[in-house]
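Protein chains: 2
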Amino acid sequence: MSINPEINLQEFTHPSISQNNGDYWFYERSDSFPGQTFGLKINKILYHTKSPYQDILIFESSNYGNVLVLNGIIQCTERDEFVYQELITHLPIMSHPQPKKVLVIGGGDCGVIRELVKHVRLGTVETIKMIEIDDMVINLSKKYLPQMSKFADDESVEIIIEDGFKFLKDNKEKFDIIITDSSDPEGPAEEFFQVNYFKLLKNSLNDDGIVIMQSSENIWLNLPYIKNLMDKGKTVFSNLEYTQCYMPSYTAGQLGLIIASNKDYDLTKPLRTIEDENKWFKYYSSKIHESSFILPTWADNHLH
Amino acid sequence: MSINPEINLQEFTHPSISQNNGDYWFYERSDSFPGQTFGLKINKILYHTKSPYQDILIFESSNYGNVLVLNGIIQCTERDEFVYQELITHLPIMSHPQPKKVLVIGGGDCGVIRELVKHVRLGTVETIKMIEIDDMVINLSKKYLPQMSKFADDESVEIIIEDGFKFLKDNKEKFDIIITDSSDPEGPAEEFFQVNYFKLLKNSLNDDGIVIMQSSENIWLNLPYIKNLMDKGKTVFSNLEYTQCYMPSYTAGQLGLIIASNKDYDLTKPLRTIEDENKWFKYYSSKIHESSFILPTWADNHLH
Numbered sequence: 402m403s404i405n406p407e408i409n410l411q412e413f414t415h416p417s418i419s420q421n422n423g424d425y426w427f428y429e430r431s432d433s434f435p436g437q438t439f440g441l442k443i444n445k446i447l448y449h450t451k452s453p454y455q456d457i458l459i460f461e462s463s464n465y466g467n468v469l470v471l472n473g474i475i476q477c478t479e480r481d482e483f484v485y486q487e488l489i490t491h492l493p494i495m496s497h498p499q500p501k502k503v504l505v506i507g508g509g510d511c512g513v514i515r516e517l518v519k520h521v522r523l524g525t526v527e528t529i530k531m532i533e534i535d536d537m538v539i540n541l542s543k544k545y546l547p548q549m550s551k552f553a554d555d556e557s558v559e560i561i562i563e564d565g566f567k568f569l570k571d572n573k574e575k576f577d578i579i580i581t582d583s584s585d586p587e588g589p590a591e592e593f594f595q596v597n598y599f600k601l602l603k604n605s606l607n608d609d610g611i612v613i614m615q616s617s618e619n620i621w622l623n624l625p626y627i628k629n630l631m632d633k634g635k636t637v638f639s640n641l642e643y644t645q646c647y648m649p650s651y652t653a654g655q656l657g658l659i660i661a662s663n664k665d666y667d668l669t670k671p672l673r674t675i676e677d678e679n680k681w682f683k684y685y686s687s688k689i690h691e692s693s694f695i696l697p698t699w700a701d702n703h704l705h
Numbered sequence: 402m403s404i405n406p407e408i409n410l411q412e413f414t415h416p417s418i419s420q421n422n423g424d425y426w427f428y429e430r431s432d433s434f435p436g437q438t439f440g441l442k443i444n445k446i447l448y449h450t451k452s453p454y455q456d457i458l459i460f461e462s463s464n465y466g467n468v469l470v471l472n473g474i475i476q477c478t479e480r481d482e483f484v485y486q487e488l489i490t491h492l493p494i495m496s497h498p499q500p501k502k503v504l505v506i507g508g509g510d511c512g513v514i515r516e517l518v519k520h521v522r523l524g525t526v527e528t529i530k531m532i533e534i535d536d537m538v539i540n541l542s543k544k545y546l547p548q549m550s551k552f553a554d555d556e557s558v559e560i561i562i563e564d565g566f567k568f569l570k571d572n573k574e575k576f577d578i579i580i581t582d583s584s585d586p587e588g589p590a591e592e593f594f595q596v597n598y599f600k601l602l603k604n605s606l607n608d609d610g611i612v613i614m615q616s617s618e619n620i621w622l623n624l625p626y627i628k629n630l631m632d633k634g635k636t637v638f639s640n641l642e643y644t645q646c647y648m649p650s651y652t653a654g655q656l657g658l659i660i661a662s663n664k665d666y667d668l669t670k671p672l673r674t675i676e677d678e679n680k681w682f683k684y685y686s687s688k689i690h691e692s693s694f695i696l697p698t699w700a701d702n703h704l705h
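Residue numbers (our numbering), protein chains in the order written: chain A, 402 to 705; chain B, 402 to 705.
Since the hints were made in silico from the structure, they are not lab data.
Being a predicted model, the structure only gives us computed values, none of them experimental.
A hint or two may mislead.
Identical chains blur together in the list; that is why a pair holds if it fits in one copy or across any two.
[To be verified] For lysine to aspartate or glutamate, the following DMTMM-like pairs were computed, each having C-alpha atoms within a straight-line distance of at most 20 Å: (1) Lys544 with Asp701; (2) Lys688 with Asp667; (3) Lys603 with Glu592; (4) Lys442 with Asp585; (5) Lys680 with Asp701; (6) Lys683 with Asp701; (7) Lys670 with Glu691; (8) Lys502 with Glu461.
Using the sequences plus the hints, can you model the full thing?
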């Protein structure tokens with residue numbers, strides 16, 4: 402089912418949308434985080450469809466710009482997307498001495514590509530390969546999230562429409578950095594959160610390479626799950642750390658990431674520096690790099 | 402208007418409460434943060450009244466424990482209250498060489514007192530004086546937030562029911578630390594966010610004393626307001642810093658604090674250390690102390 406962009410909100414029904422005092426609001430609810438919700442006021446529905454892989458909803462919000470929702474979970478809003486995109490990209494890139502070849506698994510909104518292209522311009526990254534299962538997400542991002550997707554066609558970028566898991570199984574190429582920018586495990590991304598996936602990542606990684614992935618959780622929502630995911634990762638990578646970003650539109654205002662390598666980098670500190678870093682980045686800085694690994698006492702005790 | 406604790410939810414109406422699929426939810430909405438809301442599912446209403454100063458609502462949530470709401474804004478939930486209470490208390494206490502006399506303005510839920518009493522037990526703080534305008538908040542906290550209010554009657558604590566602003570005008574005593582744990586400026590706390598208040602704080606502070614206050618905002622909601630509040634504070638205090646805590650139940654998952662002194666401490670680092678700090682604190686640590694001052698690039702550029 403796909404709707405006309407000019408459809409009247411009153412004629413549109415979606416399980417995540419309901420009325421409040423005559424206005425229409427999107428509410429993010431899930432059994433993964435019962436009893437709490439984050440809501441955004443809707444100006445208009447831009448697009449809705451059920452692709453072969455997921456329920457895709459894009460709306461213009463009153464105060465957060467355009468919003469991409471997959472299976473009822475906010476993937477990005479134009480107002481705060483740079484937080485996640487910058488952290489998942491610049492943490493591994495700035496922790497590696499010479500990150501030339503980068504692989505992105507997922508990342509259909511192309512925000513990670515935008516951040517990676519900065520390092521192409523800076524003369525560090527040479528090639529970016531992105532494997533996205535759902536080309537509809539890429540095309541919709543080009544239309545409705547132009548600030549995120551603006552470097553999708555950069556000459557350093559190659560996009561392949563394929564299941565990332567299958568790609569890694571067949572792949573013989575080696576990368577310096579692999580970024581897994583997936584949706585949560587409830588959707589098509591389920592396999593990205595298993596030991597076998599960490600093994601596939603290792604097989605496509607140079608010996609001194611670095612991987613990073615979103616954990617789909619944060620310290621408030623499911624510490625045991627994070628601990629378990631870290632333990633899975635540690636069976637494959639000797640050097641593994643948990644880090645978080647802080648942004649309004651992710652559940653409970655936070656999202657955790659796992660970064661790992663088999664080389665003994667100190668991943669919690671940048672290995673390289675960039676002159677005038679505050680001109681290149683809106684969220685990331687060498688100080689944010691370090692502080693993103695500092696967890697509250699109770700969470701730190703649980704995970705370390 | 403006060404309701405019976407055993408009242409049926411169906412018979413209770415409140416502008417912040419509405420139904421979703423047969424369940425009752427509290428939604429935090431305000432013109433201060435238009436177009437977004439955080440919602441919590443309600444198990445039962447514990448108390449509601451309009452005190453002379455504010456609308457007080459206390460409910461048992463499904464997943465965040467008991468919740469105190471003043472004028473429609475979440476003040477604390479049992480699940481995550483320790484984050485704010487610990488940061489606003491331990492930042493100034495651990496930045497001061499000998500914090501013996503402490504004044505708390507506001508703080509009716511008594512969570513700051515609970516944290517301060519830890520430093521009494523540790524042999525640092527000697528006396529705690531709290532000035533709260535609304536004794537109803539204290540009494541309700543004793544009944545419905547027992548883990549927060551458990552040290553309200555400690556022998557180190559003196560509680561005075563009075564307008565904090567008026568108390569400071571008449572006060573001749575000097576304190577080492579003054580903590581302003583107020584509600585937001587829309588309610589009775591309006592005067593706490595003006596230059597005159599910073600001057601009153603200074604008059605009740607020893608020359609080497611430290612003050613801290615909640616800013617009522619965070620970097621996502623109103624950067625110009627924070628900058629303006631910092632500028633007001635800087636006309637009175639030569640040494641002033643902005644810091645943040647991160648917790649699900651505060652708007653957009655973050656809350657900013659202003660810490661200031663006329664002595665040239667490095668407020669961004671603890672001056673003292675506590676042995677086994679992770680046994681005393683659930684959120685705070687010397688590392689969290691430092692990282693709480695690290696802001697994303699765009700906010701740092703705006704405020705510094």
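Ascending list of hint numbers which this structure does not respect:
1, 4 and 8
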